[in-house]
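Chemist: Each chain, letter by letter, is given below.
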Amino acid sequence: MTDFTHDEIIDFIYAEARMLDEGRYDEWLELWLDDAHYWMPLDYKQDDPHLTTSLLYEDMFMLKLRVRRLKGARTYSQKPKSRCSHVIQRPFVDLLDNEAGRYQTNTSMHYVETRLDDQILLALTATHDLTRVDSALRIAGKRVDLLNCDAAFGNIQLLP
Amino acid sequence: MTVQLQANKAFDAQDIERLVQDHQVHRDVYTSQDVYALEMQHLFANVWVFVGHESQTPKHGDYFTTQIGSQPVIQVRHSDGGIKVLHNRCPHKGTKIAIDRHGNTGTFFRCPYHAWSFETDGRLKAVPLESGYSDTSFETTENANGIKPVGAVHNHRGFVFARLADSGISFDDFFGDSLSSIDNMVDRSPEGRLEVAGPPLRYMHKCNWKMLVENQTDTCHPMVAHQSSAGTAVRIWEELGNPEPRPPAMQIIAPFMSPYEFFEKMGIRTWPNGHGHTGVSHSIHSDYDSIPGYFEAMCFTYGETRAKAILDENRHNTIYFPNIMVKGPIQQLRNFIPIGPDKTLVESYIYRLVGAPDELLARTAMYNRMINAPTSIVGHDDLEMYERAQEGLLSDGLEWVNLQRLHPSAPEDFSQEAVENGTTERQMRNQFDAWKTFMTSTMPRSASRNGSE
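Taken in order, these protein sequences are the chains called A and B. First residue of the first sequence: 1, per our numbering; consecutive thereafter. First residue of the second sequence: 1, per our numbering; consecutive thereafter.
No wet-lab data here; the hints were simulated from the structure. Even for Gly, the Cβ is constructed at its ideal location relative to N, Cα and C. Hints should not be assumed to be uniformly reliable.
[As the list claims (entries may be wrong)] Where chain A lies over chain B, by a calculated footprint (3+ residues, C-beta under 8 Å):
1) 63 to 69
2) 162 to 169
3) 202 to 216
[Claimed, not checked] Below are the BS3-like pairs computed for lysine-lysine, each with C-alpha atoms no more than 30 Å apart in a straight line:
4) A:Lys79 <-> A:Lys64
5) B:Lys9 <-> B:Lys343
6) B:Lys59 <-> B:Lys96
7) B:Lys343 <-> B:Lys206
8) A:Lys81 <-> B:Lys436
9) A:Lys79 <-> B:Lys343
10) A:Lys79 <-> B:Lys148
11) B:Lys96 <-> B:Lys125
12) B:Lys9 <-> A:Lys81
13) B:Lys436 <-> A:Lys45
14) B:Lys308 <-> B:Lys265
15) B:Lys206 <-> B:Lys9
16) B:Lys308 <-> B:Lys93
17) A:Lys45 <-> B:Lys9
18) B:Lys9 <-> B:Lys59
19) A:Lys71 <-> A:Lys81
20) B:Lys436 <-> B:Lys9
21) A:Lys71 <-> B:Lys308
22) B:Lys96 <-> B:Lys343
23) A:Lys71 <-> A:Lys45
24) B:Lys96 <-> A:Lys64
25) B:Lys343 <-> B:Lys265
26) B:Lys96 <-> B:Lys148
27) B:Lys343 <-> B:Lys148
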């Protein structure tokens with residue numbers, strides 16, 4: 001059973017961002033636990049994903065559906081395809097518990113998504129809950145708080 | 001023959017009427033800056049437009065800022081318990097009285113610029129250094145009346161509507177029997193009232209507001225445009241071996257892939273003045289027991305017969321002309337707010353059924369998130385179509401947009417309620433008929449013209 005170091009936890013977050021930027025979505029899906037959720041709240045400091053609207057609260061079926069749809073021949077909102085870029089600040093490791101195999105990080109990011117002549121910039125804070133499974137880190141939950149969560153958005157087609 | 005509007009011309013009622021034929025509309029209705037300006041001046045002034053829900057302003061002094069057409073307004077709870085809708089503009093120099101989305105102003109408004117103060121119904125309360133206006137006839141000006149209220153306000157079962165114009169069609173005459181959709185939505189609460197649940201989704205579209213409204217009763221697009229989202233969901237579920245209980249994506253997204261026959265049988269109803277809805281056929285197999293405690297609570301309030309009648313009425317999308325869609329069975333409202341001829345802000349609200357179990361609200365919140373958010377894969381499918389249409393309509397190759405599906409051989413009479421095949425475009429034609437009427441009712445009409453046109 002591996003003990004993870006501070007740097008290894010941080011490297012994981014950088015690697016996840018790079019996977020998304022390089023479009024390695026199938027690899028990215030492998031990082032997630034089956035019962036994990038990707039949560040993007042709608043309200044600033046929202047504390048409940050169930051009884052009020054969120055921008056995203058995706059289970060694995062939805063994440064798989066998104067990834068599969070991106071490759072579809074009749075996915076017209078992706079003709080041409082969007083691309084994204086994450087620029088991240090060094091993550092804070094807020095929890096490093098090797099005994100329980102649980103870890104938590106907090107990372108500021110600037111996320112850019114572009115398609116044709118449109119380019120959007122979103123500032124966000126990502127909170128990752130990670131779990132050790134066998135000797136690997138897996139994502140048990142990801143929460144993405146957009147700085148401008150209450151602004152009006154056009155399409156946000158990829159995943160920050 | 002081209003009928004497009006010429007720039008820099010004074011437009012009359014006939015110019016607008018020429019843009020709408022019984023089976024097609026001229027593309028200028030979607031792309032022309034002049035038509036848009038006339039919509040803001042006439043259409044959005046003459047009709048009853050949705051403002052907000054009373055639960056957004058529960059206590060005296062609570063306010064929420066929004067717009068009616070292009071007009072910035074404030075919805076505010078007054079001391080008498082009533083809801084007022086005021087133009088968001090200080091009568092002094094024009095400063096907006098409030099710019100936060102919602103708040104509480106206490107017992108009066110105070111303009112931050114020169115501290116003119118106003119009661120919560122807009123009446124002028126006090127002006128600092130008032131002596132400066134003595135012997136100036138200030139009291140005879142419109143500014144001395146305070147913040148200007150809109151022409152008329154009506155609260156129907158918690159839903160606040162307003163008419164900008166001082167005079168015009170009454171609320172009841174405008175909506176008529178179409179109010180039954182709001183009634184059914186509110187009746188689904190064992191306490192007969194709704195409460196707004198959280199902030200709305202806010203989704204910006206680079207297209208004309210009417211395209212969004214038309215899409216709500218466009219029943220021939222889902223199986224095509226949503227194939228990438230709904231179709232893929234079905235395929236993944238089948239590959240997993242059709243697991244039950246179905247994942248949320250299958251309950252909420254997959255139905256968009258229903259075949260033409262399903263939509264044909266579902267039916268469309270139109271009412272006068274541009275209102276209408278999909279989903280006419282009653283569900284004879286309503287799942288009364290799907291959420292524990294709910295049916296019991298409904299029977300306690302309404303008795304079993306009426307409770308069943310309420311829950312059997314499963315309308316899908318109700319359009320309230322000009323620019324909102326209400327989905328009663330899941331307590332959701334979409335407001336298609338015009339920003340420009342090629343720009344629309346869509347705000348999607350959800351409401352709690354007071355007295356009903358939380359599971360209903362959770363299902364509603366899930367639907368709003370999965371279908372109406374800027375991150376929704378179903379939303380992405382649709383926005384792509386609208387924005388491509390807005391760009392494609394710049395082409396002069398063809399000038400007309402067709403709305404002819406299931407157009408009858410005889411002229412249609414929109415003054416009568418009608419129920420038809422669910423793939424008809426009658427509701428779109430109904431909307432344009434009302435559009436023509438309410439635009440031109442306050443536009444000048446030129447004297448009859450001689451010679452050829």
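Chemist: Holds or violated: are the alpha carbons of Lys79 (chain A) and Lys148 (chain B) at most 30 Å from each other?
Modeler: violated (49 Å)
Chemist: Take a quick look at whether Lys308 (chain B) and Lys93 (chain B) sit within 30 Å of each other, Cα to Cα.
Modeler: violated (56 Å)
Chemist: Assess, step by step, whether the Cα of Lys71 (chain A) is no farther than 30 Å from the Cα of Lys45 (chain A), and give holds or violated.
Modeler: Violated, at roughly 34 Å.
Chemist: Would you check the hint for Lys436 (chain B) and Lys45 (chain A), treating anything up to 30 Å between C-alpha atoms as holding?
Modeler: Given that 30 Å is the threshold and the Cα spacing comes to 46 Å, the pair is violated.
Chemist: When you check the alpha-carbon spacing of Lys9 (chain B) and Lys81 (chain A), does it fall within 30 Å?
Modeler: Given pair Lys9 (chain B), Lys81 (chain A) is violated - Cα atoms ~43 Å apart, limit 30 Å.
Chemist: Is it true that the CA of Lys343 (chain B) sits at most 30 Å from the CA of Lys148 (chain B)?
Modeler: With a Cα-Cα distance of about 28 Å, the restraint between Lys343 (chain B) and Lys148 (chain B) holds, given a limit of 30 Å.
Chemist: Against the 30 Å threshold, does the CA-CA distance of Lys59 (chain B) and Lys96 (chain B) hold or violate the hint?
Modeler: Cα-Cα ~22 Å, so holds.
Chemist: If you count the residues of the segment 202 to 216 of chain B with a beta-carbon closer than 8 Å to a beta-carbon of chain A, do you get 3 or more?
Modeler: holds (count 5)
Chemist: Would the hint linking Lys96 (chain B) and Lys64 (chain A) be met if the CA-CA limit is 30 Å?
Modeler: Judged against 30 Å, a Cα distance of about 47 Å means the pair is violated.
Chemist: Is it true that the CA of Lys9 (chain B) sits at most 30 Å from the CA of Lys59 (chain B)?
Modeler: Judged against 30 Å, a Cα distance of about 48 Å means the pair is violated.
Chemist: Hinted pair, alpha-carbon criterion (30 Å max): Lys79 (chain A), Lys64 (chain A). Please report holds or violated.
Modeler: With a Cα-Cα distance of about 20 Å, the restraint between Lys79 (chain A) and Lys64 (chain A) holds, given a limit of 30 Å.
Chemist: Check the hint pairing Lys308 (chain B) with Lys265 (chain B) against an upper bound of 30 Å on the C-alpha distance.
Modeler: holds (22 Å)
Going through the hint list in order, the structure does not satisfy hints 1, 2, 8, 10, 12, 13, 16, 17, 18, 21, 23, 24 and 25.
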